[in-house]
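Working from the sequences, and respecting the hints, build out all of it.
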Amino acid sequence: MTNANRKFESHEFDEMAEAVSSPAHSPVTNLMVQTVDARGQNRLYTFDIIHSSNPRYVGVLILPAIARSQASPAVGNLNITPDRIQTGLSIAIMRGYTSIDDPVVAKVRQLLELMQTENMTASEAAQSVGIPLDVLASLARLVREAGGLSV
1 MTNANRKFES HEFDEMAEAV SSPAHSPVTN LMVQTVDARG QNRLYTFDII
51 HSSNPRYVGV LILPAIARSQ ASPAVGNLNI TPDRIQTGLS IAIMRGYTSI
101 DDPVVAKVRQ LLELMQTENM TASEAAQSVG IPLDVLASLA RLVREAGGLS
151 V
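Residue numbers 1 to 151, in this note's numbering, belong to the letters of the sequence shown in order.
These are calculated hints, taken from the structure and not from any lab test. For clarity, every value in this text was computed on a predicted model and none was experimentally measured. Take these hints with a grain of salt, some might be off.
Below, a list of computed lysine to aspartate or glutamate pairs in the DMTMM-like style, where the Cα atoms sit at most 20 angstroms apart [as the list claims (entries may be wrong)]:
#, residue 1, residue 2
1, Lys-107, Glu-145
2, Lys-107, Glu-124
3, Lys-107, Glu-118
4, Lys-107, Asp-83
Pairwise CB distance ranges, derived in the manner of DEER restraints [unchecked claim]:
#, residue 1, residue 2, range
5, Thr-35, Tyr-97, 22 to 28 angstroms
6, Asn-119, Tyr-45, 39 to 45 angstroms
7, Leu-44, Glu-124, 34 to 40 angstroms
All residues carry an ideal CB built from backbone N, CA and C; glycine is no exception.
In structure tokens:
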């Protein structure tokens with residue numbers, strides 16, 4: 001029997017409630033995501049976000065339900081060059097915003113390779129590796145906020 005179908009005895013509820021309300025536990029932030037599929041079916045997912053100085057999992061990628069060919073309005077007038085992307089990635093890793101083994105980091109490195117070897121634009125390379133332009137805009141923004149200093 002799975003946990004979803006398991007019936008709890010009343011004393012188990014008391015123990016669970018005590019464990020959750022115990023001051024020994026650190027606060028937990030919840031991330032709730034509601035999805036709607038093509039048939040209009042709503043689903044709600046709840047994730048517990050627990051701070052850790054050495055996270056095992058890093059990165060959340062939430063994509064809007066728009067065609068990939070549409071330009072991202074968040075890119076604006078940022079100068080997204082391979083140097084700015086690489087510098088922004090280095091800043092993000094150094095500040096702990098992402099880890100070196102995060103799948104998004106691998107995609108950004110793939111993108112940089114395509115931009116340099118295939119002479120692709122940031123938009124073309126982003127579409128090729130499946131990474132939103134918003135990610136690149138965020139990396140460029142990190143560089144701008146850091147004063148454009150190379151890392």
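Taking the hints in turn, this is what the structure says about them:
1. Lys-107 with Glu-145: 23 angstroms, violated
2. Lys-107 with Glu-124: At roughly 13 angstroms apart (the allowed maximum being 20 angstroms), Glu-124 and Lys-107 satisfy the hint.
3. Lys-107 with Glu-118: 16 angstroms, holds
4. Lys-107 with Asp-83: 16 angstroms, holds
5. Thr-35 with Tyr-97: 22 to 28 angstroms: The hint (22 to 28 angstroms, Cβ to Cβ) holds, given that Thr-35 and Tyr-97 are roughly 25 angstroms apart.
6. Asn-119 with Tyr-45: 39 to 45 angstroms: Once the Cβ atoms are compared, 40 angstroms apart, the range 39 to 45 angstroms for Tyr-45 and Asn-119 holds.
7. Leu-44 with Glu-124: 34 to 40 angstroms: Roughly 36 angstroms apart at Cβ, these two residues keep to the hinted range, so it holds.
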